[in-house]
Amino acid sequence: MKNSSLLWLVIFLLAGGYLIFRTSHGDMGISYVKVTTISPEKSNVQWTQYSKASKKEAGEENVQFSWSRTIGLWVAALSTLAIFSFLYGDNVFYKISESVFIGASAGYAMAVGFWDGIVNLLLRNLTPGLMRESIIPSIPKENHADWFFIIPLILGVAMLARLLPKGGWIARWPLAFFIGATAGFRLVVFFHADFIIQIQSTILPLIVFTDGSFDWQTSLKNITIIIGVLSCLVYFFFSVEHTGIIRPISRLGIWFLMITFGAGFGYTVMGRIALLAARLEFLFSDWLWLIDVE
Amino acid sequence: MFEKLNSLESRWIFLMTFLAVGIPILLQKSLPEKPTPMVMDVFNLVEDLPSGSLILCSFDFDPASAGELQPMAAAFVRHCALKKHKIVFMTLWPVGPPMIQNNINILKKEFPDYQYGEDYVNLGYRTGGEGVIKLITTSLDKMYSEDVNGTSLKKLSLTKDLKHIQGIDLLVNISAGTPGVIEWVQYASTPFNIKTVVGCTGVTAPKNYTYIPKQLAGMLGAIKGAAEYEKASIIQYPQLAENPQAQEGLRRMAPQLVAHLLLIFLIILGNVLHFVGRRKGLSS
Amino acid sequence: MKRTVPLIICSLTGFILIISWFLPAAESWGEKVTHWFDIVAAFAFVLGGANLLKIHLQKISNRRIGWGYSAVTLTAFLVTLLAGLFKINVNPSMNYPAYSWSGNYLDEGGLLWWIYEYLFVPLSATLFAMLAFYITSAAFRAFRAKNIEASILLFTAFLILLGRTYAGSLITSGLPDSLAFLRFENLTIIIMSVFNLAGSRAITIGIALGVVTTSLKLLLAVDRSYLGSD
Chain A
1 MKNSSLLWLV IFLLAGGYLI FRTSHGDMGI SYVKVTTISP EKSNVQWTQY SKASKKEAGE
61 ENVQFSWSRT IGLWVAALST LAIFSFLYGD NVFYKISESV FIGASAGYAM AVGFWDGIVN
121 LLLRNLTPGL MRESIIPSIP KENHADWFFI IPLILGVAML ARLLPKGGWI ARWPLAFFIG
181 ATAGFRLVVF FHADFIIQIQ STILPLIVFT DGSFDWQTSL KNITIIIGVL SCLVYFFFSV
241 EHTGIIRPIS RLGIWFLMIT FGAGFGYTVM GRIALLAARL EFLFSDWLWL IDVE
Chain B
1 MFEKLNSLES RWIFLMTFLA VGIPILLQKS LPEKPTPMVM DVFNLVEDLP SGSLILCSFD
61 FDPASAGELQ PMAAAFVRHC ALKKHKIVFM TLWPVGPPMI QNNINILKKE FPDYQYGEDY
121 VNLGYRTGGE GVIKLITTSL DKMYSEDVNG TSLKKLSLTK DLKHIQGIDL LVNISAGTPG
181 VIEWVQYAST PFNIKTVVGC TGVTAPKNYT YIPKQLAGML GAIKGAAEYE KASIIQYPQL
241 AENPQAQEGL RRMAPQLVAH LLLIFLIILG NVLHFVGRRK GLSS
Chain C
1 MKRTVPLIIC SLTGFILIIS WFLPAAESWG EKVTHWFDIV AAFAFVLGGA NLLKIHLQKI
61 SNRRIGWGYS AVTLTAFLVT LLAGLFKINV NPSMNYPAYS WSGNYLDEGG LLWWIYEYLF
121 VPLSATLFAM LAFYITSAAF RAFRAKNIEA SILLFTAFLI LLGRTYAGSL ITSGLPDSLA
181 FLRFENLTII IMSVFNLAGS RAITIGIALG VVTTSLKLLL AVDRSYLGSD
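Residue numbers (the working numbering), protein chains in the order written: chain A, 1 to 294; chain B, 1 to 284; chain C, 1 to 230.
Don't take each hint at face value.
[Stated by the list, open to error] Just a sample of chain C residues kept apart from chain A, beta carbon distances all over 12 angstroms, derived:
| no. | residue |
| --- | --- |
| 1 | P24 |
| 2 | A25 |
| 3 | R64 |
| 4 | L82 |
| 5 | A132 |
| 6 | L175 |
| 7 | T188 |
[Unchecked claim] Just the calculated beta-carbon pair ranges, DEER-fashion:
| no. | chain 1 | residue 1 | chain 2 | residue 2 | range |
| --- | --- | --- | --- | --- | --- |
| 8 | A | F93 | C | I55 | 42 to 50 angstroms |
| 9 | A | V240 | B | Q245 | 38 to 46 angstroms |
| 10 | C | S28 | A | F93 | 52 to 60 angstroms |
[Claimed, not checked] Only pairs whose alpha carbons sit at most 20 angstroms apart, straight line, appear in this in silico DMTMM-like list of lysine to aspartate or glutamate:
| no. | chain 1 | residue 1 | chain 2 | residue 2 |
| --- | --- | --- | --- | --- |
| 11 | B | K108 | A | E60 |
| 12 | B | K108 | C | D177 |
| 13 | A | K34 | B | E110 |
| 14 | B | K109 | A | D146 |
| 15 | A | K34 | C | D223 |
| 16 | C | K59 | A | E98 |
| 17 | B | K142 | C | E27 |
| 18 | B | K154 | A | E60 |
| 19 | B | K34 | C | E108 |
| 20 | A | K52 | C | E117 |
| 21 | B | K29 | A | D292 |
| 22 | A | K52 | B | D141 |
| 23 | A | K56 | B | D141 |
| 24 | A | K52 | C | E27 |
| 25 | B | K142 | A | E57 |
| 26 | A | K55 | C | E117 |
| 27 | B | K109 | A | E133 |
| 28 | B | K109 | A | E142 |
| 29 | A | K34 | C | E185 |
| 30 | B | K160 | A | E142 |
| 31 | B | K34 | C | D177 |
| 32 | C | K54 | A | E98 |
| 33 | A | K56 | B | E110 |
| 34 | C | K32 | A | E294 |
| 35 | C | K32 | B | D113 |
Hints are computed from structural coordinates only; laboratory data are not their basis. All of these numbers come straight from a predicted model, not from anything done at the bench. Just so it is clear, CB atoms sit at the ideal spot from N, CA and C, and this is done for glycine as well.
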């Protein structure tokens with residue numbers, strides 16, 4: 001065995017031993033739930049509801065240890081570590097976690113699409129009686145089937161034809177509907193919100209007076225914004241060769257864009273660090289109980 | 001030394017990043033924050049609305065960006081509850097419903113007097129993205145006839161007279177991407193003049209400046225925006241200083257500081273190595 | 001039939017939506033098309049799931065490299081899907097206790113909630129958190145002040161990184177009030193609301209023009225690339 005492998009083995013064994021020691025003493029990785037019995041009015045049906053409880057509430061009445069959530073907490077912590085393990089190198093734990101993530105995401109999206117799209121938007125309008133009797137009891141009795149909804153049903157089913165070896169051309173119909181609708185939506189809103197209003201917002205006074213006196217700060221700000229927008233737009237204008245007077249203006253545009261990208265980089269770093277901090281806080285607080293943020 | 005640094009393995013940089021973020025979290029030190037004018041504009045907008053104003057909160061983000069955006073969402077929700085505003089929750093992201101639930105849990109725990117149906121309602125998710133916004137600006141019941149619990153919106157006192165979202169007092173959008181800020185600006189705030197404030201990730205924040213102030217009344221950008229909003233809330237409502245959960249953003253600013261300093265150090269080091277290498281005739 | 005009908009559907013749908021913005025009489029048609037759009041979007045989720053199933057089943061049946069991971073993906077997919085579709089371990093809605101299917105599929109305690117909370121959340125959040133490591137490493141290796149443009153980018157990034165933390169305030173706190181605009185936190189505000197705004201606005205205008213022209217090309221059937229080759 002190589003020295004480095006031996007070193008890692010020792011580190012892992014020590015870490016494992018530490019986790020076992022603290023877990024056996026009830027010092028980490030335990031989840032509690034608050035147990036409530038739900039008895040709805042005018043009904044003889046009742047059930048038990050479990051909601052998350054903090055470790056501070058552990059001794060309280062109706063708060064008990066939860067196996068399923070404790071297992072869940074360990075699964076979550078080990079999944080986090082498995083993903084982080086990719087930083088050392090590609091490995092089987094990372095690959096399994098990645099595969100689980102892909103599968104669970106797709107399954108989740110499909111279930112959500114079914115309940116919040118197909119059932120709540122389509123079937124409640126197409127078969128209100130059946131939905132009222134089974135899943136959505138609040139549908140008013142006066143609601144009747146709206147046969148116009150057969151059209152999105154046909155388009156939706158036609159979309160699935162894409163999976164067939166032959167007849168995939170049928171899937172072009174819903175695709176055309178989708179593209180047409182997206183183009184119809186966006187043509188107007190982009191022209192309005194992202195073109196006309198942006199131009200309007202750039203038409204600013206070059207010389208600003210505030211309370212009767214010259215406001216040099218706002219004036220300078222407005223002039224810089226106008227010069228910046230115009231020079232960037234000149235740089236984007238590729239139909240003209242960037243020579244002569246165009247050249248310095250487009251160069252200035254590039255500088256404005258570089259400042260924009262630099263700002264974007266700074267903000268992006270900020271975002272990524274925040275996400276890492278949140279994950280480490282989960283490990284240190286929820287799992288290892290090294291800090292208390294509750 | 002030069003050779004060693006020039007061929008520094010990525011794993012060492014990863015370790016430095018881990019320590020730069022991890023140690024401040026373990027030390028639990030918080031740093032002083034001063035809200036910037038932009039954050040104060042957003043805060044004052046919520047603060048100056050009369051109690052009982054109707055606010056639509058669309059939480060369009062996922063667990064991947066919750067580290068940045070959940071503190072913002074929580075700060076907004078707490079502030080709205082302290083001001084006794086009425087809140088309607090919704091999301092355009094399929095993974096958004098639990099994000100709403102996390103904030104409803106805050107209301108249940110910290111504001112037990114806040115009643116579901118009367119003070120807040122959860123509409124949940126519907127498929128369609130921008131199509132959902134377009135439809136609810138003219139007809140809410142076509143998209144949402146029931147809330148997430150299957151209760152008809154006509155039976156809930158908060159939503160029984162709500163025909164569309166044009167009449168709301170403020171739109172709060174916390175967003176990590178598409179559909180999100182841009183779509184709300186394009187389909188709701190611009191055509192219908194709905195007063196809108198947003199909270200967004202660091203990645204999307206720079207782009208959204210272009211909509212301020214005409215189309216957006218204000219914006220919180222990245223975790224710093226959340227921390228400043230929390231600070232503004234604590235100044236106005238000192239009881240929040242006793243609640244560690246109301247200081248999630250503030251807490252994250254310490255790891256942020258150390259990590260930023262590390263990054264600046266590494267960029268400078270990388271450039272020094274590059275220019276020294278070039279002088280020596282090496283390509284870095 | 002194969003090419004003409006989709007072109008008609010695309011143009012008709014798009015123009016109905018455009019007209020509905022301007023003609024109040026056509027507003028209800030716009031709403032109807034939008035409603036259908038939202039429904040068809042739900043089928044896209046189903047198509048995505050079914051496609052994943054098809055690809056990974058093929059990979060397993062052909063015993064291609066990594067088929068074991070495909071089996072893991074499929075198992076996770078099917079368990080999550082069934083947990084969601086059958087609302088496993090979900091209680092009925094409080095208002096309709098007699099209807100066992102009336103509960104919300106994501107209610108706390110349900111199997112889908114468990115998968116979401118303990119698998120989806122840590123995996124997706126950690127995958128994104130990993131970018132913090134890579135962005136740091138990339139900054140060390142690739143962020144070079146090689147020319148004026150790169151130097152401007154680098155200098156701006158420095159200002160933002162410092163100005164958005166307490167370090168910035170601390171370093172420049174000694175500046176007198178007359179030079180307050182030079183404090184890092186104020187420089188950050190100036191960069192974001194003046195220089196960044198100008199650059200972002202130009203990009204936004206450019207994107208808007210691109211979207212408008214592409215949409216028009218699609219609706220007027222000038223661009224037919226989405227129909228494929230045959």
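Exercise. Any of the earlier hints contradicted here, and which numbers?
Worked result: 4, 5, 7, 8, 9, 12, 14, 15, 18, 19, 22, 23, 24, 25, 27, 28, 29, 34 and 35
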